[in-house]
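Enquirer: Sequence:
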Amino acid sequence: MKELQYLNKYFVKYKFHFLLGIIITIVAQIFSLFTPKLISKSFEVIEDFHKKGLSNEVVKTELIHNIFWIIGTTLIAGVLTFLMRQTLIVMSRHVEFDLKNEVFKHYEVLDQNFYKRNRTGDLMNRISEDVSKVRMYVGPAVMYTINTFIRFTVVIIYMYNVSPRLTLYTILPLPILAFIIFKLSQEINKRSTIFQQYLSKVSSFTQEIFSGIRVVKAYALEKQYQNNLDDLAKESKSKSMSLAGVQSLFGPLMIALIGVSNLTVIYFGGMMYIDGTIKSIGTIAEFILYVNMLTWPVASIGWVSSLVQEAEASQKRINEFLKIEPEIKNKTTKKTNIQGNIEFRNVTFTYEDTEITALQNISFTVKRGETLAILGKTGSGKSSILSLITRMYDIKNGTITIDGKKIDEVNLNDLRNSIGIVPQDAFLFSDTIKNNIKFGKENATDEEVIDAAKKAVVHNNIIHFKKQYETILGERGITLSGGQKQRVSIARAIIKNPEILLFDDCLSAVDTETEEQILNNLLEISKDKTTIIVSHRVSSAKNADKIIILDEGQIIQEGTHNQLVNQDGYYAELYAKQLSEKELN
Numbered sequence: 001m002k003e004l005q006y007l008n009k010y011f012v013k014y015k016f017h018f019l020l021g022i023i024i025t026i027v028a029q030i031f032s033l034f035t036p037k038l039i040s041k042s043f044e045v046i047e048d049f050h051k052k053g054l055s056n057e058v059v060k061t062e063l064i065h066n067i068f069w070i071i072g073t074t075l076i077a078g079v080l081t082f083l084m085r086q087t088l089i090v091m092s093r094h095v096e097f098d099l100k101n102e103v104f105k106h107y108e109v110l111d112q113n114f115y116k117r118n119r120t121g122d123l124m125n126r127i128s129e130d131v132s133k134v135r136m137y138v139g140p141a142v143m144y145t146i147n148t149f150i151r152f153t154v155v156i157i158y159m160y161n162v163s164p165r166l167t168l169y170t171i172l173p174l175p176i177l178a179f180i181i182f183k184l185s186q187e188i189n190k191r192s193t194i195f196q197q198y199l200s201k202v203s204s205f206t207q208e209i210f211s212g213i214r215v216v217k218a219y220a221l222e223k224q225y226q227n228n229l230d231d232l233a234k235e236s237k238s239k240s241m242s243l244a245g246v247q248s249l250f251g252p253l254m255i256a257l258i259g260v261s262n263l264t265v266i267y268f269g270g271m272m273y274i275d276g277t278i279k280s281i282g283t284i285a286e287f288i289l290y291v292n293m294l295t296w297p298v299a300s301i302g303w304v305s306s307l308v309q310e311a312e313a314s315q316k317r318i319n320e321f322l323k324i325e326p327e328i329k330n331k332t333t334k335k336t337n338i339q340g341n342i343e344f345r346n347v348t349f350t351y352e353d354t355e356i357t358a359l360q361n362i363s364f365t366v367k368r369g370e371t372l373a374i375l376g377k378t379g380s381g382k383s384s385i386l387s388l389i390t391r392m393y394d395i396k397n398g399t400i401t402i403d404g405k406k407i408d409e410v411n412l413n414d415l416r417n418s419i420g421i422v423p424q425d426a427f428l429f430s431d432t433i434k435n436n437i438k439f440g441k442e443n444a445t446d447e448e449v450i451d452a453a454k455k456a457v458v459h460n461n462i463i464h465f466k467k468q469y470e471t472i473l474g475e476r477g478i479t480l481s482g483g484q485k486q487r488v489s490i491a492r493a494i495i496k497n498p499e500i501l502l503f504d505d506c507l508s509a510v511d512t513e514t515e516e517q518i519l520n521n522l523l524e525i526s527k528d529k530t531t532i533i534v535s536h537r538v539s540s541a542k543n544a545d546k547i548i549i550l551d552e553g554q555i556i557q558e559g560t561h562n563q564l565v566n567q568d569g570y571y572a573e574l575y576a577k578q579l580s581e582k583e584l585n
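At position 469 of the sequence shown the residue is numbered 469 (full-length UniProt numbering), and the sequence of numbers has no breaks.
Hints are computed from structural coordinates only; laboratory data are not their basis. One thing to keep in mind: the hints can contain errors.
To be verified - Pairwise CB distance ranges, derived in the manner of DEER restraints:
(1) N8 - K377: 21 to 29 angstroms
(2) E208 - D431: 28 to 36 angstroms
(3) V79 - K183: 33 to 41 angstroms
(4) K13 - G369: 31 to 39 angstroms
(5) K183 - W69: 39 to 47 angstroms
(6) Q197 - F104: 19 to 27 angstroms
(7) E102 - G369: 40 to 48 angstroms
(8) T357 - A244: 24 to 32 angstroms
(9) M241 - I472: 19 to 27 angstroms
(10) R93 - T512: 41 to 49 angstroms
(11) K13 - K223: 48 to 56 angstroms
(12) I472 - V154: 37 to 45 angstroms
As the list claims (entries may be wrong) - Subject to a maximum C-alpha distance of 27 angstroms in a straight line, what follows is the list of computed DSS-like cross-link-like pairs (lysine-lysine):
(13) K331 - K405
(14) K454 - K441
(15) K116 - K454
(16) K100 - K405
(17) K316 - K329
(18) K60 - K37
(19) K201 - K239
C-beta atoms are modelled at their ideal positions from N, C-alpha and C, and glycine is treated no differently.
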């Protein structure tokens with residue numbers, strides 16, 4: 001139960017629901033106990049008919065009176081039980097809502113390294129399956145535990161007042177039951193943890209296949225992945241069946257032990273009636289009803305124990321995740337007004353997960369209103385510079401400043417709000433084209449959306465779709481071509497009107513004519529902004545105020561287009577090569 005202590009704060013938060021549920025439960029149990037007592041009285045009246053010669057009319061009146069009381073108290077107990085469920089189960093839904101929001105909020109603050117180390121399917125499983133199992137503890141498990149405890153307490157007190165000796169005989173099987181529950185619960189906890197781990201593996205595997213289905217189909221690997229999933233599903237099924245096998249033992253064991261208690265009541269109660277210790281057969285009937293009233297609570301102990309063990313296994317996984325501290329933290333809550341002046345001084349950066357040094361002793365300055373182009377071979381460190389500007393990673397060597405302040409001293413939210421970035425791998429959501437563009441500015445008007453699309457040279461493509469800007473895109477924008485996705489991403493950055501624009505090789509999938517149009521539009525847009533363009537094409541860099549060439553994380557050339565094209569080196573060679581290719585085309 002140690003892991004489930006984390007949920008105590010929610011019981012405090014919803015204490016009104018919790019305490020009201022307990023009060024309703026107590027009252028409901030008191031009303032449910034009228035029935036055995038009234039039935040006992042009915043038996044006594046029937047016995048008195050034979051022993052004391054009561055008239056038929058008196059017996060009939062008493063029996064009818066008892067029947068009406070039984071119906072009335074049962075209805076009241078039923079209504080109160082309904083209210084108990086409404087109170088405690090509704091509380092569990094509130095807790096589920098809060099816990100899911102807490103998990104999702106924590107997902108949002110975690111850094112890139114966390115997402116590199118964890119698979120999407122496992123993360124989805126924690127916020128769905130694990131939280132659902134925890135809700136079953138907060139709701140049904142807690143409700144039935146309270147119900148069982150109160151019913152046991154009240155029933156045992158009533159039984160003891162009637163016959164202490166017969167009560168002792170009746171509860172003799174309960175220690176055996178408690179021991180069996182303890183041992184089975186331990187096994188359930190172990191098997192539940194293993195099953196949840198396999199469920200995460202299945203979720204991760206299927207999520208990856210769905211995301212990469214085009215690649216799977218292109219390589220005709222459907223059969224192979226089907227077999228892989230089949231093997232994984234069989235393992236998951238095996239763990240599930242193993243868990244279910246242990247859980248299925250609870251029900252029969254509970255019923256068997258209740259049956260033993262009934263037989264105990266009949267035998268010892270009968271013996272006590274014969275020797276005169278019990279004065280009425282009605283007492284035996286009353287005890288049998290008490291025992292049967294304990295049937296469901298006792299049977300539910302097994303189910304509740306199973307729920308608790310599963311919830312603890314799930315909450316443990318959630319707790320492990322919630323304890324992870326983000327590596328990138330906002331060190332100040334003070335608002336920062338970003339102008340857009342960026343400076344790198346002797347920056348060296350190594351990725352911790354791969355230990356690859358992406359940048360070595362990098363220094364450059366970009367002022368507000370200037371455009372910097374970064375060129376270089378694949379893996380030279382171009383995208384790493386953009387990741388450091390958006391503070392997706394922190395550096396250990398060197399200094400990065402924004403408007404003269406160290407980047408980690410700048411308000412992180414203000415920094416990222418001031419940046420419009422178009423990543424190398426354009427990501428679009430399963431929403432309309434209009435909403436994907438408005439992602440950069442949620443309150444943008446339709447006119448602003450169209451204007452941004454025109455500047456990104458994608459408007460003419462959009463208006464040819466049947467639903468135009470209301471066209472729903474598939475997952476990750478699969479409806480659009482690579483070039484269209486890149487241009488919608490550019491429109492999303494433009495509409496934000498940020499102080500800093502970062503373009504990470506975002507024109508690689510468009511033709512040179514469209515690229516020229518977009519670059520001309522960007523010249524106008526970026527006049528008073530800081531712009532950094534990462535590219536493999538000289539055409540994207542030639543109009544920049546400054547160009548730097550990277551190779552293996554180091555700056556090997558820097559200058560303007562005219563300066564670099566007249567120097568021997570990478571830039572001049574790339575320019576000559578791309579110029580000849582253009583002439584050939």
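Enquirer: Of all the hints given earlier, name the ones this structure violates by number, lowest first.
Expert: Of the numbered hints given earlier, those the structure breaks are 1, 2, 4, 8, 9, 10, 12, 15 and 16, listed in rising order.
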